[in-house]
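K.L.:
What follows is each chain in one-letter form.
Number of protein chains: 2
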Amino acid sequence: MSLVVVGSVAYDSVETPLGQRDDVLGGSGTFFSLAAAAFTRPSLVAVVGEDFRPEDEALLAEKNIDLAGLTRVPGKTFRWGGRYHSDMNGRDTLFTELNVFEKFAPKLTPEQRRAGFLFLGNIQPTLQASVLEQVDSPRFVAMDTMNLWISTARDELVSVVRRVDAVFINDEEAHQLTGKRTMVLAAREIQAMGPDLVVIKRGEHGALVFNGDDVFYAPAFPLEKVVDPTGAGDTFAGAFVGYLAASADLSTANVRRAAIIGALMASFCVEGYSVERLRHVDAAAIRDRYRAFLELTSFDAPAL
Amino acid sequence: MSLVVVGSVAYDSVETPLGQRDDVLGGSGTFFSLAAAAFTRPSLVAVVGEDFRPEDEALLAEKNIDLAGLTRVPGKTFRWGGRYHSDMNGRDTLFTELNVFEKFAPKLTPEQRRAGFLFLGNIQPTLQASVLEQVDSPRFVAMDTMNLWISTARDELVSVVRRVDAVFINDEEAHQLTGKRTMVLAAREIQAMGPDLVVIKRGEHGALVFNGDDVFYAPAFPLEKVVDPTGAGDTFAGAFVGYLAASADLSTANVRRAAIIGALMASFCVEGYSVERLRHVDAAAIRDRYRAFLELTSFDAPAL
Numbered sequence: 252m253s254l255v256v257v258g259s260v261a262y263d264s265v266e267t268p269l270g271q272r273d274d275v276l277g278g279s280g281t282f283f284s285l286a287a288a289a290f291t292r293p294s295l296v297a298v299v300g301e302d303f304r305p306e307d308e309a310l311l312a313e314k315n316i317d318l319a320g321l322t323r324v325p326g327k328t329f330r331w332g333g334r335y336h337s338d339m340n341g342r343d344t345l346f347t348e349l350n351v352f353e354k355f356a357p358k359l360t361p362e363q364r365r366a367g368f369l370f371l372g373n374i375q376p377t378l379q380a381s382v383l384e385q386v387d388s389p390r391f392v393a394m395d396t397m398n399l400w401i402s403t404a405r406d407e408l409v410s411v412v413r414r415v416d417a418v419f420i421n422d423e424e425a426h427q428l429t430g431k432r433t434m435v436l437a438a439r440e441i442q443a444m445g446p447d448l449v450v451i452k453r454g455e456h457g458a459l460v461f462n463g464d465d466v467f468y469a470p471a472f473p474l475e476k477v478v479d480p481t482g483a484g485d486t487f488a489g490a491f492v493g494y495l496a497a498s499a500d501l502s503t504a505n506v507r508r509a510a511i512i513g514a515l516m517a518s519f520c521v522e523g524y525s526v527e528r529l530r531h532v533d534a535a536a537i538r539d540r541y542r543a544f545l546e547l548t549s550f551d552a553p554a555l
Numbered sequence: 252m253s254l255v256v257v258g259s260v261a262y263d264s265v266e267t268p269l270g271q272r273d274d275v276l277g278g279s280g281t282f283f284s285l286a287a288a289a290f291t292r293p294s295l296v297a298v299v300g301e302d303f304r305p306e307d308e309a310l311l312a313e314k315n316i317d318l319a320g321l322t323r324v325p326g327k328t329f330r331w332g333g334r335y336h337s338d339m340n341g342r343d344t345l346f347t348e349l350n351v352f353e354k355f356a357p358k359l360t361p362e363q364r365r366a367g368f369l370f371l372g373n374i375q376p377t378l379q380a381s382v383l384e385q386v387d388s389p390r391f392v393a394m395d396t397m398n399l400w401i402s403t404a405r406d407e408l409v410s411v412v413r414r415v416d417a418v419f420i421n422d423e424e425a426h427q428l429t430g431k432r433t434m435v436l437a438a439r440e441i442q443a444m445g446p447d448l449v450v451i452k453r454g455e456h457g458a459l460v461f462n463g464d465d466v467f468y469a470p471a472f473p474l475e476k477v478v479d480p481t482g483a484g485d486t487f488a489g490a491f492v493g494y495l496a497a498s499a500d501l502s503t504a505n506v507r508r509a510a511i512i513g514a515l516m517a518s519f520c521v522e523g524y525s526v527e528r529l530r531h532v533d534a535a536a537i538r539d540r541y542r543a544f545l546e547l548t549s550f551d552a553p554a555l
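Quick note, the sequences are listed as chains A and B, same order. Under my numbering, the first sequence is numbered contiguously, ending at residue 555. Under my numbering, the second sequence is numbered contiguously, ending at residue 555.
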């Protein structure tokens, strides 16, 4: 089924213990749609400035992403700068320049309004709500959020959470949103707000998927070298929801498969800066990594 | 095959966000041998003081632990106090009173010298070495260590690492010991020192098992409520090595099974203070948790 994603397209400046890149392609909408495009043709709703490089637009178009909803307006593209800690897990935001994103008012085309699957990236909750107003009756709506909105727009955020089918959130944010100490309790609290599906992302520690009564744990693929974690969570969600949209199957078994696919794609994302590695992932690479994942996690029944 | 463990028996004072317990049974040797005793009859080599409570000794004896190597000497039992952070992962040591442990010089009985399996708990490296001098030709020797010895007795520690078959170590310690940024690189560095088997413990994030060229990931069992993480790593190692000793099978497949068993037993440990939960774990409880673990991690092959 058709998939629409509303999110950011950005230029990121990233410092890691291994190196630095300035003004490289990033943003939740970018990573999400690139990952989803491995399985379906996502439609990206976002805004960029006059400085958005033609080669970056060409890359997204080449990768089977519908850009009818990518608006170019006067001004500069959204910019984010961050520095990762030595363990590559924590990070500090060095700057956020909203630029053209400040006046972003997502407007869906008639075709996008009829989308079967919708993903609301971690934009301001009022914008997420405005997108929800525009869609007809999607089969599946998922959202992401971030610490900023939990602390500055909690009420608006919770009212969006109440209206979606799925929430993607990282463990710290889940704790911040619910005050619950364990991920199981935090997920149950978010489910009680409405969504059947709560996916708690834990970075290099994988993801916990609470789907109604079903609980599934998808471990992350352990890598020798992590180059840049930026976008891994959006990549995870993009592959997860892209796989669901492509298969149009929301069964418990398929949601588990989708989580594994999300973890595999996220493992590619962190192997390069920006979209450097992700852009070169093809079906063969995904199949190879899936086989490697099975080798890593399979075991025979113990004698008990 | 017979299993000997050399470690500490202690009284712990623990503060968690949920509560506090003082002078409760703890120590690496205690948790390790209680967990191993679910699969084999381990022989515990440790020292306690005159204040060691008869009911604690009776508990260990009842649970099928051979206490011929548990020495009682004048003075007080080793005491450790710690406070867990709000997320239950990090902790601060509030005090360490070595007491009778200060003069601990483990001496193995003739039977213990012929042990097939030996585990060196996280005691001082020179003591670990003195135990290695006493054993005949064990089939499998594993060791644990801690940050204190990495910073204060690195050379002695590395010389013990060179002589064992397996190292159990947590992720921070592996980073501290090797300076390597990812667990894969840290494990390869430790393997290069000698041990074929390197098990990197990651607390609630499970364990990575590097066994020769084989890499296996055993996720931890996600729990609704973690009461007290003290002893989880020793419990993991105790069940892991206890299962290996009971089966006398060091094949790749069996090492993977042992890691899963270790993760299951550790999940019981953290459900209570001290050994409160662990002491009541029987074969039926282990089987039930194994089934729950399968439900949590199983998935069908995706269409790729």
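To be clear, the hints were calculated from the coordinates, so they are not data collected in a lab. Treat the hints with care, as some may be off.
Remember, identical chains collapse to one label, so a pair may be satisfied in a single copy or spanning two.
[Claimed, not checked] For lysine to aspartate or glutamate, the following DMTMM-like pairs were computed, each having C-alpha atoms within a straight-line distance of at most 25 Å:
{"#": "1", "residue 1": "Lys476", "residue 2": "Asp464"}
{"#": "2", "residue 1": "Lys354", "residue 2": "Asp302"}
{"#": "3", "residue 1": "Lys431", "residue 2": "Glu522"}
{"#": "4", "residue 1": "Lys354", "residue 2": "Glu546"}
{"#": "5", "residue 1": "Lys476", "residue 2": "Glu301"}
{"#": "6", "residue 1": "Lys431", "residue 2": "Asp406"}
{"#": "7", "residue 1": "Lys431", "residue 2": "Asp274"}
{"#": "8", "residue 1": "Lys431", "residue 2": "Glu313"}
{"#": "9", "residue 1": "Lys358", "residue 2": "Glu546"}
{"#": "10", "residue 1": "Lys354", "residue 2": "Asp465"}
{"#": "11", "residue 1": "Lys327", "residue 2": "Asp465"}
{"#": "12", "residue 1": "Lys314", "residue 2": "Glu362"}
{"#": "13", "residue 1": "Lys354", "residue 2": "Glu440"}
{"#": "14", "residue 1": "Lys354", "residue 2": "Glu266"}
{"#": "15", "residue 1": "Lys476", "residue 2": "Asp447"}
K.L.:
Pop the pair lysine 431 and aspartate 274 into one bin, within, between, both or neither, using alpha-carbon distances up to 25 Å.
P.N.:
neither (37 Å within a copy, 29 Å between copies)
K.L.:
At most 25 Å between CA atoms: does that hold for lysine 327 and aspartate 465 within a copy, between copies, both, or neither?
P.N.:
Neither. Shortest intra-copy (44 Å) and inter-copy (49 Å) distances fail the 25 Å Cα cut-off.
K.L.:
For lysine 354 and glutamate 546, with the copy left unspecified, which applies at a CA distance of at most 25 Å: within, between, both, or neither?
P.N.:
Cα proximity of lysine 354 and glutamate 546: none, with 48 Å in one copy and 46 Å across.
K.L.:
One pair to classify: lysine 354 and aspartate 302, alpha carbons no more than 25 Å apart. Within, between, both, or neither?
P.N.:
Result: close within a single copy only, 16 Å intra versus 71 Å inter.
K.L.:
Are the CA atoms of lysine 431 and glutamate 313 at most 25 Å apart within a copy, between copies, both, or neither?
P.N.:
Cα proximity of lysine 431 and glutamate 313: none, with 43 Å in one copy and 38 Å across.
K.L.:
Is it within, between, both or neither when you check lysine 354 against glutamate 440 at 25 Å Cα-Cα?
P.N.:
neither (33 Å within a copy, 52 Å between copies)
K.L.:
Are the CA atoms of lysine 476 and aspartate 447 at most 25 Å apart within a copy, between copies, both, or neither?
P.N.:
Between copies only: 22 Å across, 35 Å inside.
K.L.:
When no copy is specified for lysine 358 and glutamate 546, does a C-alpha distance of 25 Å or less occur within a copy, between copies, both, or neither?
P.N.:
Answer is neither: 45 Å inside a copy and 42 Å across each miss the 25 Å cutoff.
K.L.:
Between the shortest in-copy and the shortest cross-copy C-alpha distance, which are at most 25 Å for lysine 431 and aspartate 406: within, between, both, or neither?
P.N.:
So lysine 431 and aspartate 406 pass the 25 Å test inside one copy only (18 Å; across, 43 Å).
K.L.:
For lysine 354 and glutamate 266, with the copy left unspecified, which applies at a CA distance of at most 25 Å: within, between, both, or neither?
P.N.:
So lysine 354 and glutamate 266 fail the 25 Å test inside a copy (28 Å) and across (49 Å) alike.
K.L.:
Indicate which option fits the pair lysine 314, glutamate 362 if close means a Cα-Cα distance not exceeding 25 Å: within, between, both or neither.
P.N.:
within (20 Å within a copy, 68 Å between copies)
K.L.:
For the identical chains here, do lysine 476 and aspartate 464 meet the 25 Å Cα criterion within one copy, between copies, both, or neither?
P.N.:
between (36 Å within a copy, 17 Å between copies)
Hints 4, 5, 7, 8, 9, 10, 11, 13, 14 from the earlier list are contradicted by this structure; the remaining hints agree with it.
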